[in-house]
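The sequence shown begins at 141 in the working numbering and counts up one residue at a time.
What follows is a list of derived Cβ distance ranges for each label pair:
hint	residue 1	residue 2	range
1	T197	A166	21 to 27 Å
2	A178	G230	26 to 32 Å
3	A166	A265	26 to 32 Å
4	D250	R176	36 to 42 Å
5	D267	A174	32 to 38 Å
6	D250	E204	31 to 37 Å
The set of hints was computed from the structure by calculation and includes no laboratory data.
Predicted, not measured: the structure shown is a model, and the values here were computed from it.
Using N, Cα and C, we set each Cβ at its ideal position, and we do this for glycine too.
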Amino acid sequence: ATVEVGPDARPGVGYLRDGDFAWCGAFVAHCWLALRTAIRRHNLASCYRLDRWARGTDRIVPAEDARDGDIVVLGDGSPKHGTHMEVATGPPVAGANPTIGGNAKGRGPDGAIYEGVVRQLRPLAGDYRVLYVVRPLAGDIA
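Full structure from sequences and hints, please.
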């Protein structure tokens, strides 16, 4: 799928800087400034922490019911808590969730692979797919 890339993205250049800080959760935390600070700092620090916080609560919603602002967790199912998170930009379209994500990778309109902040469709099925969706509850909002 073609992605929309941010102005700071460069073709073929990895976005990790000064070590290996994978900042997808930091991007989601920035998008969710309305969440209480402790939630952003602790639970959005990794997919594992997000899963541990949301699992077994009403925060988990079916991927088919995702809507604008939900947190979309991606991976291949191993580990089950996922390996990357992004923010939904609307309801599913043709079996995929439209998202915007940081520390993401995708093919730009010129055919080159870009990394950075990108918008794209994330499939609900397949090897690398949406594993689950998190919708913060009213009590999570600051």
